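First to last, the protein sequences are chains U and S.
Position 375 (the first sequence) corresponds to 375 in my numbering; numbering is contiguous.
Position 192 (the second sequence) corresponds to 192 in my numbering; numbering is contiguous.
If you are wondering where the hints come from, they were derived from the structure by calculation, not from laboratory data.
Just so you know, these numbers come straight off a predicted model, no measurement behind them.
Backbone N, C-alpha and C define an ideal beta-carbon position, used for all residues, glycine too.
Relax, there's no trap hidden among the hints.
Pairs of lysine-lysine residues, derived as DSSO-like cross-links and limited to a Cα-Cα distance of at most 27 Å, are as follows:
no. : chain 1 : residue 1 : chain 2 : residue 2
1   : U       : K317      : S       : K50
2   : U       : K94       : S       : K64
3   : S       : K109      : S       : K64
4   : S       : K64       : S       : K50
Which bits of chain U does chain S cover? Going by a derived footprint, with three or more residues having C-beta under 8 Å, they are:
no. : segment
5   : 33-41
6   : 105-113
7   : 202-209
8   : 241-251
9   : 315-324
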Amino acid sequence: MRARSFILVALLIAACGAALAAEPVPPPEFTDTQHQVPGEQYPQPSAAAIQYLDVAVLFVALCLATFLALRLRSRNAVFALMVACLVYFGFWRKGCVCPIGAIQNVTLALADPHYAIPLAVLAFFALPLVFTLFFGRSFCAAVCPLGAIQDAVVIRPVGVPRWLEGGLRVLAYAYLGGAVIFAATAPVFLICRYDPFVGFFRLSGSLGMLLFGGGLLVVGLVIGRPYCRFLCPYGVLLGWLSRLSGRRVTITPDQCVRCRLCEDACPFGAIRKPVEPPTPAERAAGRRRLAWLLGLLPLLVVVGFVAGGALGTPFAKLHPEVVQAERVRAEELGEVVGTTDASDAFYESGQPVDERYAEARRLRSRFALGGRLFGAWMGLVVGGMLIHLTLRRRRDDYEADRGACIACGRCYDYCPVELTRRKKQAEVSSAKNPSAKQ
Amino acid sequence: MPEDRKPIPRREFLRVGVRGVALAAVVGGTGYLATRSREARYVWQLDPSKCTQCGKCATNCVLKPSAVKCVHAFAMCGYCELCTGYFEPEPNALTTAAENQLCPVAALKRTFVEDPYFEYEVDEPLCIGCGKCVEGCRSFGNGSLFLQVRHDRCLNCNECAIAAACPANAFSRVPATQGYLYRPGYSPATRKEG
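Chain U extracted, bound-state conformation (with noise of 0.2 Å):
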């Protein structure tokens, strides 16, 4: 390479009588041509418009989804919306922004006052979560585009125990958790970084995201919406705020018979059995559970804080300022040899190095803090989990879950009382307007 280099500046005096190559060459005046010196093109960003266009679709979307799912009560309706939010969201508008990454934007934006988090961004983030509050989760059964794909090949849905799904629900909230915490720490996007799905949208991807999305597709055909049930972080809090709807679906119209033939209709697990009430016995055993564990969550919660601290280190290898910093300090000590392109743009910036060893000491302080409030937040998770799994709760009839129940529509088609309805329905409207029979 130094030898190339002094070839070409040799032929660089050369060629355009420049004293040193260092030295800049003056521009030229153009006496005999008069040519005109032209000037660069810097095109913008398209209109902001666009973005505030995928604000109102989300808006009429979820309106229509809300609609759909619990007034028309039609799985085909449904399923035409998200098919078409699938296109929209996904293939049209490369599913970026979407409300889960919202999630690390508005993390940021609460964490570092200099970040001015764009008002679509807040949009997409807000709007789903207010429609959950009233409606159920609406946005996952139609609008999402994560979940579309999902969905459109859900072909032999099979059960999950429900202590496995337990189980692998807790992969969610620690996404939550990491993806907060990352957000916040460093702006290191986990969940755009590991987005399954953005690959197909794009039509392009890293070959490691289109395994991972094609996998997670692979595992749906038998699996239903793997990614929304157990790793989506966004569904986490709609999950919470679904809970608390006002409205939801009511696989029956009236009054549930027991029939059981909703009991497989759903392929995301959330069509609850009816549940006997406890015996006094098993009540006062639940009590004395339930004590157990609400004593053992303050220590779940220190034992995770205290754990969390060994993550710091792991965790901070994912910022690329600790990682340049360990590599210069590793090539300085003569444990490595060669550089990367990182310490070659360490040692090009000219900064000192104290000053680099200083920034990484202070992120990875920040990680270590960070990875303490993930232990205590899984700890909280786990004995959440645990206290969840005990209480039992009298339940009449098959109920949707209302955390889990993504409002997609399947288990109406199943319910002979809601067939009654409809066949009563269009015995109604066709009395009523005898011309549409014939």
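Fit chain S to the supplied structure of chain U, relying on the hints for placement.
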């Protein structure tokens, strides 16, 4: 059975109460962040003074070819006959023959202006943003070639895939109204808004 029915209204009452609190939290939080959201939009851009031409812009963008392109600031250019951004080191001849060119996709066009000056122009649809010409120009020339995210192409991903891979930490979000960053000391006099 009044004892059995009793818990339901209580639970419902709690639910309505907590829903109100949750609604207030979502709306309040959104409103608070909305007041801080001054800029309508941010876009990704790379700082040419930090860029080390590592080549990751060409390989890591979600677009193929990359949304990062080489930009030529003509006003800075020396119009050299032996352009070190255009020619391979030790070229056989100072001609436009493929074996002499540094650019792997022949995206840099060389045209004769007047003796001994040549004009170099980037053919943007061809350019892959590898930065080879930028490195050549910067090492021995005026540094008039530099890489920039082209906003008519960029998808403006929530997390830029190149930014995540950039070893020089040269990428950042900038206000869309000032979407380009230039070499220090250069401001385009003949700037055109495309």
